[in-house]
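Peer 1: Next come the chains, spelled out residue by residue.
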Amino acid sequence: MARSAKLAMTMALAVVAVALLAGPVHASDPYKVGVTAALTGPASTTYAPMIDLFKTYLGKVNAEGGINGHPIQVTYEDDRAEAPRAITNAKKLLEQDKVVLLINTSSSATFKPTIATAKEGKTPLLFGGSVCPEEVFPPADPLLFCSTSFAAKLDAEFAAHFMHEMSGGKAKFGLAAMDIPISRIGIDTAEAVGKKLGIETVAKVVIPPTAVDFTPFASKLKEAGATWGFAWAPWPWEIGPYEALLKLGWQGEYLLYGFQPLEATFARLNRESLFALVGTNLLAEDIPEIKAIQALAAKAGVTRIDLEGWVTAVTLHEALKACGWPCTRDKLQTVMTGISIDFKGVKGGPIQWSKDNHFRTVQYYKVYRWDSVKARPVVVKDWSRVDVEQKLKELK
Amino acid sequence: MQVAANTLVLASTYVLLAVGYVVVYRASRILNLAHGELMMLGGYALFTLLSIAPGRPLLALVGTVVVSFLLGTIVYLVVMRPMAGHPLFSAVLVTISLGIFFRGLAILGWTAEIRYPLALMGFGTTSLRLPGGAVISNIDLLSMLAAGGLLLGLWMFFARSRLGIQMRATAENPRLAAERGVNIHLVFAVSWGISTFAAGLVGILYSSQVRLDPEIGVIGLKAFPVALVGGLDSLAGVLPAGLAIALLEVLAIQYVSPLLSEVVPFLALLVMLCVRPWGIFGTPEEIERV
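Order-wise, the sequence lines are chains A and B. Numbering follows this note's numbering, with no gaps: position 364 of the first sequence is 400. Numbering follows this note's numbering, with no gaps: position 15 of the second sequence is 1482.
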């Protein structure tokens, strides 16, 4: 009896010892995530601020104890928006760092190699802040997901309807794009939707990346008689034609997708003819969540706030929470398919992925313009709900 | 009429940039492929001076052109002078490396954020209506005046001043000029200074009207065909070449396809290389060295 009690005591002590030794180690084991982003190089103007805010959010999560005691450990690799660097980064993150999720925050030039590597490693890949690739739209690739707010076709479709509505059906479109495929898709879609609505596109200019002066391109839009301008391109190629049109004394209205420099540009130009279509609220909005983000960013020393970085970070956080512990690549992919993420005051509604749709089932848009009297942006059209699958069918 | 106005405005930017290529090439036979990045640094010099001394735009503008001139001479003395005696090809490669270095430096120093120095000056772009209905901006007008003023100033400098004449002599025969007591390193340093001064002017004008970020240096390459078409050793060729290429580009945008505007300068260069490889006013001997 004494012997068996001794044995039981020894076993209990052993169990306690193992628990004591192994417990704390398990609790601090991190969720490993890899990011390949354009942190330097030409495209860093767009992507680096997103990563800054992404880091800020995750810093807060980890400071609060991570997810049930497990911190989120992110390894950042700079791809300069170059494909060869992206493939090296993706391979390193998957094979060496053993990440459970790969995130791409870079230009479309890096997509193919990153996608190929993610598929080879059977690892989910989230496009956060970069343009959503075709593969995330229905029928979606099982491994690829996207949380970015902008999408060329859907944005342009909404823009065409908005311009039609604002002009009472009398608009004449003048469209501007940068000479890259995704930007051309944007204005081609606007032209096609406009045609269906009975709106004529009087001029379409595709501007080379090395354009010295936007004025000749703007002259073409003005002389063609455009009353509504629309651009879907990287920021300098969106705002450049508008500023040149202003210089030429053009009296029309201009709509663009509102990327991060929008709010500063609104204030700098002080023009009421500039409209911006957005997927996240502007920082000027008096929304508690937005104010909290600004306060947190200020504390972290982040001066350029791009909410796409926040959206990506929240998406990652929610996906890992749903995955639980331990989180494997397979398990994470399964939970991401079907997850619904609430961004609270940042977006117009949740991002919900389904088996076939890894873009989102519903897209939300809001339109702002500058009010020179109030000296702040004002809402022209509040959050509008777009059924993504239905809209994509219509666009086909 | 607007086509003519657009042509003059674009040509003025090309002329200001191409002058920089020509001045350095004439003196040292080096193609400075970091010229666009030196232009970009001119823009950042303006931005920095405006940030340091807000409300004093004139001081910032004068400071920018002085800094640009000094930067050019420093580049020569520190980087290019040690290349003397090495093949010209190596020197050109060094300028490519310099361009990459300057872009990196700009990102480290000022980040990749887009800046607008004109707003810091407290000014805005205003439109000026010309006879015939064409419209240009106040910055466009300044750009044309700067291009015309620079060409005139350089013509007078090379024709009348002692240093200018020494520079012409050095351009023609550096060894003979050195034997006659010309300080050729001073001449080369001043050439780099003048070239970067011109780049600084473009940096001021471009960043005031369009934007300032570390990647704007790429427009320097658009002016390279202007320098070649005009004749790499000929300042006189810069003006007709700039006007011709700007006109072709504007016409292509307006009447053919905006996308053609990117290739038009290089098409013009190709044609010129086929029919007159030394350029409009260049000398046949010079092009052989390129």
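FYI, nobody ran anything at the bench for these hints, they're computed from the structure. One thing to keep in mind: the hints can contain errors.
Stated by the list, open to error - Here are some chain B residues the structure puts well away from chain A; computed CB gaps all over 10 angstroms:
id, residue
1, Gln1469
2, Leu1526
3, Phe1556
4, Gly1571
5, Ile1581
6, Ala1586
7, Met1611
8, Asn1650
9, Ile1686
10, Val1717
Said to hold, decoys possible - Computed from the model, here is a short list of chain B residues facing chain A with C-beta under 10 angstroms:
id, residue
11, Thr1474
12, Thr1480
13, Leu1525
14, Thr1593
15, Ser1594
16, Pro1598
17, Ser1628
18, Arg1629
19, Glu1639
20, Ile1720
Unchecked claim - Only part of the chain B face toward chain A is listed, based on derived beta-carbon distances under 8 angstroms:
id, residue
21, Asn1473
22, Leu1477
23, Thr1515
24, Ser1518
25, Arg1582
26, Tyr1583
27, Leu1587
28, Met1588
29, Glu1646
30, Arg1678
31, Asp1680
32, Glu1682
33, Val1685
34, Glu1729
Glycine residues also receive a C-beta, built at the ideal position from the N, C-alpha and C atoms.
Peer 1: Each hint should be assessed against the structure and marked as holding or not.
Peer 2: Status of the hints after comparison with the structure:
{"no.": "1", "hint": "Gln1469", "result": "violated (5 angstroms)"}
{"no.": "2", "hint": "Leu1526", "result": "holds (23 angstroms)"}
{"no.": "3", "hint": "Phe1556", "result": "holds (25 angstroms)"}
{"no.": "4", "hint": "Gly1571", "result": "violated (8 angstroms)"}
{"no.": "5", "hint": "Ile1581", "result": "violated (6 angstroms)"}
{"no.": "6", "hint": "Ala1586", "result": "violated (5 angstroms)"}
{"no.": "7", "hint": "Met1611", "result": "holds (12 angstroms)"}
{"no.": "8", "hint": "Asn1650", "result": "holds (37 angstroms)"}
{"no.": "9", "hint": "Ile1686", "result": "violated (5 angstroms)"}
{"no.": "10", "hint": "Val1717", "result": "violated (5 angstroms)"}
{"no.": "11", "hint": "Thr1474", "result": "holds (9 angstroms)"}
{"no.": "12", "hint": "Thr1480", "result": "holds (6 angstroms)"}
{"no.": "13", "hint": "Leu1525", "result": "violated (22 angstroms)"}
{"no.": "14", "hint": "Thr1593", "result": "holds (9 angstroms)"}
{"no.": "15", "hint": "Ser1594", "result": "holds (5 angstroms)"}
{"no.": "16", "hint": "Pro1598", "result": "violated (15 angstroms)"}
{"no.": "17", "hint": "Ser1628", "result": "violated (32 angstroms)"}
{"no.": "18", "hint": "Arg1629", "result": "violated (36 angstroms)"}
{"no.": "19", "hint": "Glu1639", "result": "violated (33 angstroms)"}
{"no.": "20", "hint": "Ile1720", "result": "holds (4 angstroms)"}
{"no.": "21", "hint": "Asn1473", "result": "holds (5 angstroms)"}
{"no.": "22", "hint": "Leu1477", "result": "holds (5 angstroms)"}
{"no.": "23", "hint": "Thr1515", "result": "violated (17 angstroms)"}
{"no.": "24", "hint": "Ser1518", "result": "violated (14 angstroms)"}
{"no.": "25", "hint": "Arg1582", "result": "violated (10 angstroms)"}
{"no.": "26", "hint": "Tyr1583", "result": "holds (6 angstroms)"}
{"no.": "27", "hint": "Leu1587", "result": "violated (10 angstroms)"}
{"no.": "28", "hint": "Met1588", "result": "violated (12 angstroms)"}
{"no.": "29", "hint": "Glu1646", "result": "violated (43 angstroms)"}
{"no.": "30", "hint": "Arg1678", "result": "holds (6 angstroms)"}
{"no.": "31", "hint": "Asp1680", "result": "holds (6 angstroms)"}
{"no.": "32", "hint": "Glu1682", "result": "holds (4 angstroms)"}
{"no.": "33", "hint": "Val1685", "result": "holds (5 angstroms)"}
{"no.": "34", "hint": "Glu1729", "result": "holds (4 angstroms)"}
Hints 1, 4, 5, 6, 9, 10, 13, 16, 17, 18, 19, 23, 24, 25, 27, 28, 29, counting from the list given before, are not met by this structure.
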